[in-house]
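Engineer: Chains A and V supply the protein sequences, listed in that same order. In this text, residue positions in the first sequence follow my numbering: the first is 169, and each later residue adds one. In this text, residue positions in the second sequence follow my numbering: the first is 368, and each later residue adds one.
The hints are simulated quantities; they were obtained by calculation from the structure and are not laboratory data. All values reported here derive from a predicted model rather than from experimental measurement. Errors might be hidden in some of the hints.
[As the list claims (entries may be wrong)] Which stretches of chain A does chain V cover? Using the computed rule of at least three CB atoms under 8 Å from a CB of chain V, they are: (1) 235-245; (2) 253-261; (3) 326-334; (4) 408-417; (5) 433-443.
[To be verified] Some chain V residues near chain A, calculated using beta-carbon distances under 10 Å: (6) VAL449; (7) VAL555; (8) THR559.
Each residue gets a CB set at the ideal place from its N, CA and C atoms; glycine is no exception.
Now for the letters of each chain:
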Amino acid sequence: MTASPNGGEPEGGARAAAVPIAGRAGVRAWWRTPTARRLAFGYTLLSPAILYVALLVGAPFLFSLYLAVSDASVGDPFAEFVWLENFKAAWESPTFWIALRNSILVTVVAAIFKSLLGTTLAFLLLQPFRGKKLIRGLVVIPFTVPSAVSVLGWKWMYDSQFSVVNWALNRVGLISAYGTEGWPIWLGQPHLALAAIIAVNVWRSFPFTAIVLLAGFTAVPQEVIDAAKVDGTTFMQRFRFLVIPMIAPILFVGLLFDTVFTLSDISVVLLLTNGGPGNATQILPTLAYQIGILAGALGRGAAISLFLFPLLLPAMILLLRNLKRREW
Amino acid sequence: MNTLSEKPIHDRVTRRDFLRTAGVGVAGASLGTMLAARQAPAQLRGTSLRILQWSHFVPAYDAWFDKSAKEWGEKNGVRVRVDHIPHLEVPARIAAEFAAGAGHDLIEFAGLILTGLYYKSLVDLTDLSERIGKKWGGWIPAAGPISTVEGRSYAIPNFYILIPLLWRKDLFEKHNLRPPDTWEACRVAARTLKPKGHPTGMQFSHCNDANHNWRALWYSFGGRETDPSGQNILVDSKETREALRFAKALFDEGMTPEVFSWDDASDNRYQASGVACWIHDAISAYRTTEDTNPPVFQHTYIGLAPAGPGGKRVNVGEPTAYAIWKFSKNQQAAREFLIHLTDNWKEAMVASRGYNMPLLKDGYKKPMPVIGTDPKMQVLQDFPDLMAFPGYPGPYTTPIQEVTVTFVPADMFTLVARGQSPDEAVKWAMGEYRRVYAKHKRA
């Protein structure tokens with residue numbers, strides 16, 4: 169042992185080497201440090217949510233990935249690994265490309281109309297008028313009625329023979345009589361059928377857009393609007409440079425939900441046209457359902473539905489990154 | 368010398384052979400006794416039986432079925448529960464039960480026949496099928512392709528929905544048209560009556576009716592979907608092109624474009640509204656007209672399946688069949704209930720207002736219930752030998768199921784009606800068939 173120059177005590181380094189680290193007073197194990205405890209507490213609180221996401225989102229997603237690379241069938245308990253065979257099969261099918269094109273088209277066109285109509289409705293509902301609460305309650309009806317019921321109602325309205333839409337158009341002289349060339353067959357002509365599907369989707373979802381926007385508009389402080397008015401801004405300038413940036417986070421979340429709902433919505437197409445005539449209105453979810461469930465080829469059905477993922481992923485990343493940036 | 372006697376006895380009759388023979392003998396004897404007594408054995412008492420089936424188009428049939436099942440259950444001490452779901456939901460529900468390995472004991476395939484898809488998970492019912500067939504004069508030829516896989520029966524056919532021709536006798540007589548007993552006569556009638564405000568209509572859309580209507584025309588023209596083995600595609604033929612050319616002419620001359628938007632009920636409404644000169648549909652259209660428009664019903668007649676150019680008549684209907692899951696805990700009760708059901712096919716036919724057509728030959732002894740006593744419906748008694756199902760003349764295999772649910776044959780006709788040449792349409796359809804078959808072979 170080395171003696172210290174000022175009193176015979178060992179030097180600090182030698183003293184430290186002599187005492188076992190674990191036994192040193194004031195040095196705690198890492199899991200006892202306040203940081204570790206705080207982390208442990210935080211993760212404990214988070215764990216139900218993580219478990220929930222892992223079980224209800226992660227597991228089905230991983231299972232669908234497994235199905236997509238296997239030859240799984242609804243009637244066979246054994247499946248073999250087939251690599252990317254199912255994706256290749258979808259890629260080679262002309263119907264798949266029609267479905268892919270229609271999925272994108274319906275989502276984009278419907279989103280444009282929903283934005284326009286939703287914004288208009290939200291502005292209208294901001295105005296003071298008698299019965300405003302009642303009207304606010306009524307506008308959500310399309311969004312809240314079960315889709316099977318509302319879409320079947322639309323199917324009847326689009327009926328080739330008894331269409332109330334055509335009857336009304338005929339009465340005001342816009343179209344000619346039933347049985348003539350000028351009588352639109354809403355669900356029988358490829359472009360009209362796609363338009364009819366988009367119209368029902370817009371009808372069902374634009375109240376949701378309006379409600380999201382309404383929540384945003386009411387969150388903008390009136391003083392800010394008034395100050396901009398004093399500065400001499402026009403309505404469009406206030407909307408473009410003031411309101412939109414302020415409500416952007418809400419808008420992004422709304423757009424995110426709407427895109428997911430529209431891309432994955434199977435009911436409108438299934439009930440109105442079942443993908444026909446020909447395959448003119450086929451979308452990815454209906455094609456996946458037909459092949460995966462009705463035809464029993466689970467693997468190929470899963471592969472087709474997974475094509476939605478690369479479509480949605482960039483959109484989601486873009487929207488969420490934008491949202492995060494704005495939060496800072 | 369008898370070669371058998373040279374073998375030691377343990378080589379001739381193994382323990383497994385003995386048990387198998389004895390088991391089959393005991394099962395056969397007990398089944399025979401049950402059939403004679405029309406009562407299930409005592410060991411079923413206290414058990415339960417769950418049945419999954421579609422909601423029949425004729426609600427009275429469901430009421431009869433439920434009552435009959437309940438009475439059978441009470442008589443035999445079995446708690447019977449029947450779940451009816453829309454026919455379009457049946458495949459998804461069956462897939463879910465398969466995945467879970469639990470659910471109903473007895474399941475019904477309706478329209479879409481899933482025997483080929485699930486047979487590995489279904490109970491082999493060959494013995495039951497043979498016994499039922501023997502009792503009722505045998506099965507009609509169309510019953511085999513929907514219930515058998517590799518020579519074994521994994522389902523018991525129940526009934527099929529017939530798709531005859533419904534035509535307006537008053538309109539035909541007024542314009543001196545002969546009854547529509549051939550497709551050519553149908554075309555002449557449609558061509559003559561369309562300008563008078565009475566076109567015809569067959570669905571060029573994604574619905575069940577499109578699947579069987581165009582197949583009926585196609586097969587009547589000599590077209591074939593597969594060979595009898597079901598392994599080879601025979602779509603690309605001159606008969607198919609003839610059928611496509613005819614369909615195009617029928618559409619151009621006798622239909623309006625609304626057929627591209629029709630669902631399964633649209634032609635019923637078309638007939639009931641008094642517009643159609645003829646339609647090709649199930650007798651639900653006949654009943655709808657009877658219930659909603661008696662003056663039109665008075666002149667609505669039922670025709671035999673129209674003959675093609677060579678005189679061939681083929682009708683494509685919608686079959687139903689029952690199967691038992693291997694995981695079912697009450698397979699014996701399910702088997703005995705199927706015996707009860709087939710024993711009561713007459714009552715079922717009456718309850719369904721003549722909608723349920725038997726797949727057993729004795730069912731065609733004239734006069735048949737309901738249809739044999741109605742002068743306008745009597746022609747339906749001559750349909751059994753004309754019946755065929757998708758895949759004709761081959762069996763209803765899983766690739767055929769895929770081309771059916773993705774409407775490939777119906778779309779082939781639609782492409783031609785919309786202006787593509789028969790050659791282009793056949794080429795497209797062959798591409799789809801080949802892709803489907805290749806995928807199934809790889810799997």
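Engineer: Against this structure, judge whether each hint is valid.
Structural biologist: Checked hints:
no.: 1; hint: 235-245; in the structure: holds (count 6)
no.: 2; hint: 253-261; in the structure: holds (count 4)
no.: 3; hint: 326-334; in the structure: holds (count 5)
no.: 4; hint: 408-417; in the structure: violated (count 0)
no.: 5; hint: 433-443; in the structure: holds (count 3)
no.: 6; hint: VAL449; in the structure: 23 Å, violated
no.: 7; hint: VAL555; in the structure: 20 Å, violated
no.: 8; hint: THR559; in the structure: 16 Å, violated
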